[in-house]
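Chain order of the listed sequences is A, B and C. For what it's worth, the working numbering labels the leading residue of the first sequence as 1, then goes sequentially. For what it's worth, the working numbering labels the leading residue of the second sequence as 1001, then goes sequentially. For what it's worth, the working numbering labels the leading residue of the third sequence as 2001, then goes sequentially.
Simulated from the structure, these hints should not be mistaken for laboratory data. Glycine residues also receive a C-beta, built at the ideal position from the N, C-alpha and C atoms. You may find that some hints are simply not true.
Selected chain C positions facing chain A (Cβ under 10 angstroms, derived; list incomplete) [stated by the list, open to error]:
{"#": "1", "residue": "Leu-2085"}
{"#": "2", "residue": "Asp-2111"}
{"#": "3", "residue": "Lys-2146"}
{"#": "4", "residue": "Cys-2158"}
{"#": "5", "residue": "Leu-2229"}
{"#": "6", "residue": "Thr-2250"}
{"#": "7", "residue": "Gly-2254"}
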Amino acid sequence: MKLDSRIPSGPIEQKWDNCKFEMKLVNPANKRKFTVIVVGSGLAGGAAAATMGELGYNVRCFCFQDSPRRAHSIAAQGGINAAKNYQNDGDSIYRLFYDTVKGGDFRAREANVYRLAQISVNIIDQCVAQGVPFAREYGGLLANRSFGGAQVSRTFYARGQTGQQLLLGCYQALERQVNAGRVTMFPRHEMLDLIVIDGKARGIVTRNLVTGKIDTHLADAVVLATGGYGNVFYLSTNAKGSNATAIWRAYRKGALMANPCFTQIHPTCIPVSGEYQSKLTLMSESLRNDGRIWVPKKGGDSRRPVQIPEDERDYYLERRYPSFGNLVPRDVASRAAKAVCDEGRGVGKTGLGVYLDFGDAVRRLGRHVVEERYGNLFEMYERITGEDPYSVPMRIFPAIHYTMGGLWVDYRLMSTIPGLFVLGEANFSDHGANRLGASALMQGLADGYFIIPYTIGDYLATAKLDKIDSNHHEARRAENGVNEQVKRLLSVKGKRTVDSFHRELGKLLWEDCGMARNAQGLQYAMGKIAELQQEYWQNVNVVGEGAELNQSLEKAGRVADFFELAQLMCLDGFERNESCGGHFREEYQTPEGEALRDDDQFCYAAAWEYMGPGQKPALHKEVLSFEHVHLAQRSYK
Amino acid sequence: MSTASAALTGKTSSHIGFWESTVGKKAVMAVTGAILFLFVVGHMLGNLQIYLGQEKLDHYAHAVKSIPALLWGVRLVLLLSVILHIIAATQLGLRKRRARPRAYVKWASAGSTYASRTMYWSGPILLAFIIYHILHFTTGQALGPEFREGEVYHNVIVGFSFIPASIVYIIAMLMLGSHLYHGVWSMFQSVGISHPRYTPLLKKLAAIAAAALVIGNISIPVSVMLGILK
Amino acid sequence: MKLKLHVWRQKSAASAGRMVRYEVEANEHMSFLEMLDVLNESLIEKGEEPVAFDHDCREGICGACGFMINGVAHGPMPGTTVCQLHMRHFKDGDELYLEPWRAVAFPVVKDLIVDRGAFDRIIAAGGFVSASTGSAQDANAIPIPKTGADMAMDAAQCIGCGACVAACPNASAALFLSAKVSHLGLLPQGQPERKERALKMVAAANHELFGGCTNIGECEAVCPKHIRLEFIARRNRDFLKASCTFREETAAAGAG
């Protein structure tokens, strides 16, 4: 298989314009004759469904939640980047592009990133027009802040609830189309397989999560916007329901999975407190703007943080990275935290934590300013830990937060299966090996509002789509496969709960394919995962029936897919013999402990092809070329 | 579920009339409530003239009745207000029952006043009281042979000398206080007037007005029972 | 700590439900939902069906979770969803009653899960600004006074969890509805459809059989996002104005 990324011709500034012009259009009167399935209703899926509805397509949108408004985009706190340069601080489309490519440690496709930076400007306009209540200055104009690793203030925000407000804007646009009859919403429906007919994506098989009914839905194109797979780690900042099943089923039907080992660890999460822990809570990265991160200089220091004098504290980020200090990118900050904890200098009962201290900020700005900026985050911290962060430094620790890897897509966001488009976190395209803060919301909305509505038109206008019905043997086969898997899971009737397997898998992955990896650990993990997976199918206990609301069964199917995905993540990490961004291979580091890329050998996106059960997946390489941002070691010193 | 509710309401229209809506009904209750509240205030001020002596009070009563057009005009407005207030309340009450057919096994208040939660009780009790009150002092049937047309002072003294009647009045006035404690600020909310600076003030004024009405009105039977008024 | 739980168990929308008693061992660092996870794990190990409850983000923002704890929506802590409610607020031996939201507009799906689709339909009726993608002007073209924008944000924080309906003795959706009417009505972008929006959303809530607001204030007390009663007054104002000045439209949108 040859990967064709279909990057348009011309200078980078004109590629998207050229592409838009080259693409065929669908006659307005014909649009309603095309049915498009959108799976997922977050920023990418919701925006795509709403916009395609506005254009006149017949859209069917699916989500597993009870309402499209609950998609996990809602939990994004910090903000959304846009190259508006409203602050006159030297920002530009080119600079946002540059920062994103560099921040991604040179493992993203330049043309895609440039387009993302271009579109960022329109996103803010669109969101304001929808009534998104972004923060404003006294004069009534939009406010900005600088955010995780950026030296310009280009982040737009709505208190600590930016994702929520953007999603509600998108959800409202979506509901408007539902009301207009152009979008049909299928809440509490989970996609369990992709239907591929004559090599083209033509539908999905779903399970109605209330009745348990398995249904086939056919369409002219399928759009997956199902988010990332961070929950493979069990403990992550993802929502409990976030899962990889939709993209994994697409992978098994022939879509390539790219860079699965590129996972992002977020440095500012609340540390784990016990075995029963069900998820990790993120504290917005914006806290690093005013909070100072430190650990005691000597290991095993059990004094209360206020008792540790200034000269016995190690502000290790400020020490190691004087120019960026506490604002270094997420991967760098996370690894630095791991390093000090590995040295035995971690804080808290478990020793897995570092202090994020607002003492200086309160002294410098006054408590009311700190309260205004971070009040809701402090409240959340206190609710969870029972400690008051105004008087005691917060304890934070890195946690899995985002997955840069995902289904491989070309410039037009189409996977290797014609007619299957992948948007947002579910694809691999824009963030390379590390995502910068406030860029996920930007990508989701860019894909949904401004890219897919154009590119899907070109596909529908040019693809020769035969009429099909749900009795087509491929549709039947997919539906039967889903039915069988449900039956199989219910029939094991073993001793262990789904969660206990998931927790074990997560721990394994966190140890050996987490913040730092090495060849030996990855190999060990692959063996262990296979064993655990085998036990799963012999010893899992899924109670209840298939034809009812059954949350254990939902989880069981997702975990079954997580096993396979975890294997591929380890394999991908094992084969990538370099460190880049979120992928830190201990064997490949500079003497100062920074990630050491190997651009001669690994300057590519690794796209894996499913070769059948038990077979080793085939690796396809999309070689990345950097014509504008020159390959260099990232330095934040 | 929408089909089920459509069957129940028989409506699919996206617009709603003023009176059909719960908001409209509450606005009607607010306006009629305001009228009734103003009447109750005026009524009490009139009644308190009892402390100025028999002559004053009877003269006032006579004056009120001297212009039949005005008297009946006011009575008509009050009657209409009471009817609208009751119809709207009843319909909202029915809606409430339909909106939650199954009660909670356990329910606890997290932040409402006792007065606000008992409006559906205090209202009907007040209605019963109003009927009794009219029969007692306006038409006289409840007072019996002692009733003398136009001699208000006499009627009041006689009426309240009968202790059970006084107790009924006292209880009813407490109900009225409770009803107004919520109702007087709530009517502003219903017609869309709320502001963080003024609403707390309104709530205080409502409490003061309710207390004043209760004290003012109760003082009369109490004074009669204590022999202050004879 | 040991807790006695009385949990509403109902197999499906069609079947009858009842309270079932359980005992569970929890510790103070758990969240309330983690305590239920522990209960569920033990039920599965015994081969019993776990208690079904809606939840997703567990960060208090998605609005999926929520049920009554001892008769109070989202439990005893103000401004806190059940997923953010921690067990340190309970003590050993506590007896807790867990019930689903109860309203005819929120039919029970299973155990503590209800169907809140009515909220989506209310938003679909008019809780939006009709601004199709691509039609926007520059984001800074209309300055918005900070106080207005902040107040819009206060209202926009609603997570659509349904606690307001659950707590309201009238099962009214007034607080939910007014949050959206206020959020959009406070912004210049929301003005063209302001009247329509109030009329249509009130009509939709009526159609879904929510009760009427009687200004009691239970909703405000349990709202995890502190949406204020003041917004209900705004909604009333918008609706009454719109209702009194309503005119039929004379041509469809886009008609020349």
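> For this structure, which hints from the list above don't hold up?
Replying inline: 5, 6, 7
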